[in-house]
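Enquirer: Chain residues, written in single-letter form:
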Amino acid sequence: MLTLKLPHPGSLVAFVILGLVAGGFIALATFDGGTPTLFSIGPYLGRVLAFSIIQATLSTALSLALGIGLALALVRRSFPGRYVVLAALSTTMVMPTIVVVFAVFAVYGRSGWLAEMLAFFGWEGGFSIFGYPGILIAHVFLNAPFVARVTLDGLAQIPAEHWRLATAFGFTPAQVFRHLDWPVLRAELPGIAGLIFLMCFKSFAIVLALGGGPSRSTLEVAIYEALKIDLDFGRVAWLALIQLVICLSMTALLHWAFIRPPAGHTVRSLVRRPDAKDPRLKIVDTVLLAIGALFIVPLAFSVLTGLRNVPDIIGLDLLQAFVTSMVIASAAAIIACVLALALASAARRRRLVLRSPRIAAFYDFLPDTLLAIPPFALTAGLFLLIQRFGDPASAGLILLPLINGLAAVPFAYRYVAPHLLTVEERYGRVAASLGVTGWAKLTIMDWPVLRKPLAAGFALAMALSFGDFGIIALFGGTELVTLPYLLYERLGAYRLDEASAIGLVIVLVAFLLAHLSGRLSHADD
Amino acid sequence: MLTIENCRLSWPDFVADYTLAVKAGHLCAVIGPSGGGKTTLLHMIAGFETPESGTLTLHGQNLLPLEPAKRPVAIVFQDHNLFPHLSVTQNVGLGLRPSLRLTDGEKALIEDTLEAVGLTGFGTRKPGEMSGGQRQRVALARALVSGRPLILLDEPFSSLDPTLRRDMILLVDDMRRKRPVTILMTIHTPEDAADVADQMAFVADGRVVASGPPATILNSALAPRIAAAVSNS
Chain R
1 MLTLKLPHPG
11 SLVAFVILGL
21 VAGGFIALAT
31 FDGGTPTLFS
41 IGPYLGRVLA
51 FSIIQATLST
61 ALSLALGIGL
71 ALALVRRSFP
81 GRYVVLAALS
91 TTMVMPTIVV
101 VFAVFAVYGR
111 SGWLAEMLAF
121 FGWEGGFSIF
131 GYPGILIAHV
141 FLNAPFVARV
151 TLDGLAQIPA
161 EHWRLATAFG
171 FTPAQVFRHL
181 DWPVLRAELP
191 GIAGLIFLMC
201 FKSFAIVLAL
211 GGGPSRSTLE
221 VAIYEALKID
231 LDFGRVAWLA
241 LIQLVICLSM
251 TALLHWAFIR
261 PPAGHTVRSL
271 VRRPDAKDPR
281 LKIVDTVLLA
291 IGALFIVPLA
301 FSVLTGLRNV
311 PDIIGLDLLQ
321 AFVTSMVIAS
331 AAAIIACVLA
341 LALASAARRR
351 RLVLRSPRIA
361 AFYDFLPDTL
371 LAIPPFALTA
381 GLFLLIQRFG
391 DPASAGLILL
401 PLINGLAAVP
411 FAYRYVAPHL
421 LTVEERYGRV
431 AASLGVTGWA
441 KLTIMDWPVL
451 RKPLAAGFAL
461 AMALSFGDFG
471 IIALFGGTEL
481 VTLPYLLYER
491 LGAYRLDEAS
501 AIGLVIVLVA
511 FLLAHLSGRL
521 SHADD
Chain X
1 MLTIENCRLS
11 WPDFVADYTL
21 AVKAGHLCAV
31 IGPSGGGKTT
41 LLHMIAGFET
51 PESGTLTLHG
61 QNLLPLEPAK
71 RPVAIVFQDH
81 NLFPHLSVTQ
91 NVGLGLRPSL
101 RLTDGEKALI
111 EDTLEAVGLT
121 GFGTRKPGEM
131 SGGQRQRVAL
141 ARALVSGRPL
151 ILLDEPFSSL
161 DPTLRRDMIL
171 LVDDMRRKRP
181 VTILMTIHTP
191 EDAADVADQM
201 AFVADGRVVA
211 SGPPATILNS
221 ALAPRIAAAV
231 SNS
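One line per chain: the protein sequences are R and X, in this order. For what it's worth, the UniProt record's numbering labels the leading residue of the first sequence as 1, then goes sequentially. For what it's worth, the UniProt record's numbering labels the leading residue of the second sequence as 1, then goes sequentially.
No lab work stands behind these hints: they were computed from the structure. Keep in mind that this is a model prediction, so the values were computed, not measured. Accuracy of the hints is not assured; some may be wrong.
Said to hold, decoys possible - Dumping the calculated DSSO-like pairs for lysine-lysine here, alpha-carbon to alpha-carbon at most 27 Å:
1) K70(X) - K178(X)
2) K70(X) - K282(R)
3) K70(X) - K23(X)
4) K277(R) - K70(X)
5) K441(R) - K452(R)
6) K178(X) - K23(X)
Whole structure, please, built from the sequences with the hints as guidance.
Expert: And the structure:
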C-alpha cells in the first residue's frame, strides 16, 4: 500500500519562507509598472550605494572606537554605579531606532539642548543635524554600547589563570593588551564589525529622518521612496536585488567566518588586572569614560524627560496605537517562535539523527538570511501577490506581523536551537529506544527544557517588533497607527514634547520585554 | 628553606592560617580535601593572596613585601597555562622575558629545556595543536627556564590519565634532581607522589594539619581522613 509521508514541519517552513521571498520578488519583477534597466538607474544607484557604504563604514569605525574604549575602561575600573552602567549597555539592542531619532533631535537639533547651551554662551552660528552628523550620532549611540557589551563579555572569558600568569610575569600594560586583551578583540572584532556594518548599511528610520534629503539615502530608504513616492516597482526590484546580494554575501561571511574567542570558559573568580594600577591608564580610562558619558548620557536622558509630558498624551489615539502595537508585536512573536522552533527542530534532526550536517547548516543559515532580505521589497512583492488573490485593504494587517515576525526569527532561533540540541544529545537515544517520537517527544522531552528559552525568544521578538518603525511607514495612516508611527508623526510636526512622552512609553515597554527575555534566558543559570 | 609561619587570611566564609617549612631542594606534595585551602596556600606564596599576618620567607628572604612578579617563584596551574595565540617557544619565553625580545642564548636555553621535558621540535606549534600532557610539559618547561628557585605546581596533572600523570610526576622528580629547585605540588591522589616526594603536607580547613615524610603521613591517624579526601575529590 502506498503511504504518504508528511514532510518535517521545518522543511515545510523553509519551503514557505523561500516561496514567500521568491514569490515576492517575482511579483515585483513582473509587475506592469515600468521595467527600468539597471543601466537607466545606474547613476542614482551609484550615489545611493556610495552613501550607504560610506556612512556604514564611518558608523562602524566610530562605534568600534568608542565601544572598545569604553569596554577596556570599564573592565579596568570599578566605581559606584558600574553595574548600572553595565546593565544600561545591554539595553540599546532593543532601543527603537525612531526613539533614537527623537533623542538626536532633542539634544543636537536646531532647538535642542546643545543649541540652547551654545546660545546661552552667545554662539548663534547654528548647525544642521541632517546628513552625516545626525546619522553617525544615532548609529554610534545605538551601536557603541553594543560593542562595549560584547567586548566586555569576551574579555570576561579570559581564564583567571592567565591574569595570574600576567601578574606573576609582571606584564606591563602594553603586554597585558598584547597577550590578553588583543587576542579576544581580534577574535570578536570581525564579527561585531560585520554585524554593525550590515545594520548601518540597511539602516532605515535613522536615515529617513536624519538624512535630510534624497541625496542621502541608503538602499533601504531608496526602496521605500521608490514605493511610497514613485510607485516604481521595477526600480524597487533592482534595488532590492542589489541589497539582497550585498547583504546575503555579508551574512554568509559573518555566519561562516565568525571566529570564536580562543580561550576556554573558566572564570572562577574575579581577578585583579595587573594594568589597573598604572597611573597613565587611569587617566586614559577616565577620559574614555568621560567621553562615553558625555556622548551617551544626554541622549539617554532626553528620552527620560518624556515622563513629564506623559499626562498630555494620554488619550484614545495613544491607547489605540498601544493596543495595535501590542497585537502586531504578539502576532509577530508567535510567527517568529513557531518558525524558529520548526527550523531548529529540522536542523537538530538533520545533524544528530540523520547525520547530514550540510543540510543542518542550511537550516541554521536560513534564519540569518532573513536579516539580508530588504523588508520593503518583500512587503511590496507580497502586497502585489495579495492584490492578485485577495483584498488589498487587509494587506497591512497581514504583512506587518509577518514581516516583523520574519525579521525576529534569527533572534528567536538563537534562543531555541542550542537547547533543542542539548536535549537531543542527552535524551535522544533514550527517547528513540522507548519509541517516543513526534508530538510526544516535543511535549515530554523538549517542552520542559524549551519553555523558558522559547518564552525568552518570544519576549525579545515582541520587544523588537513593538518598537519597529519599518513597514508601518508604508501602511501607517488614519486606519492603522502603531506607537512608533505616532512618534514619527509627532516628530514630523515638530511636537517634540508629545514625541518625548511617546518615545518613553515605547522604550519602557521594549526594555521591560527585553528584561523579561534576559531573565527567562538566564533563569536556570 | 621555605618557611611559612602563622600566615593568616580571612574571608567572610573561610579562614586560613598556615604554618609549614620545606627544605631547599625538596619536593613537598600537598594533599587534602577539595576546598580545604591547598590552592590558597600556593596562591599566597605566589603573591596572589596577601596574608593579614605572619611571615613568609625563602632562603631567609622575606617574600611578603614583594609583588608577584618580583618573587623568586614560578607557578603552573591545572589548566590555561598557555596563551593560545603564542607558539610553544614564545610561551616558554615569557618565563624569561615578558617582552619576548629573546636573545640567541635565551632561545637556545628554551630549546634545551624543551628537549629536557621531551618536546624537541615542538617550538613552533601552537597550544591548540598539542595534547593536554604536552601542554603541561610546556608549562613545566617555562617554570624551569625562569630559573626561579621555588616552583609551585597547582594540581598540574589532575586532568591527565593515571599513566600520563605518573609519567609527569616522574619528570618533575627528574627535573628537580638536575636543578636547584624546591617544589610544592598539590595533588589529589597521594599515591602518585608517595615514592618521589620528600615531604607530604595534609591541608584541611585552611590549615596544615600535618607535615612529614610521605610514609609517616599516609600511615598516621590521618589515613582515614586522607582516604575520605581522595574519594570525595
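Enquirer: Hints broken by the structure, by number, lowest first?
Expert: none
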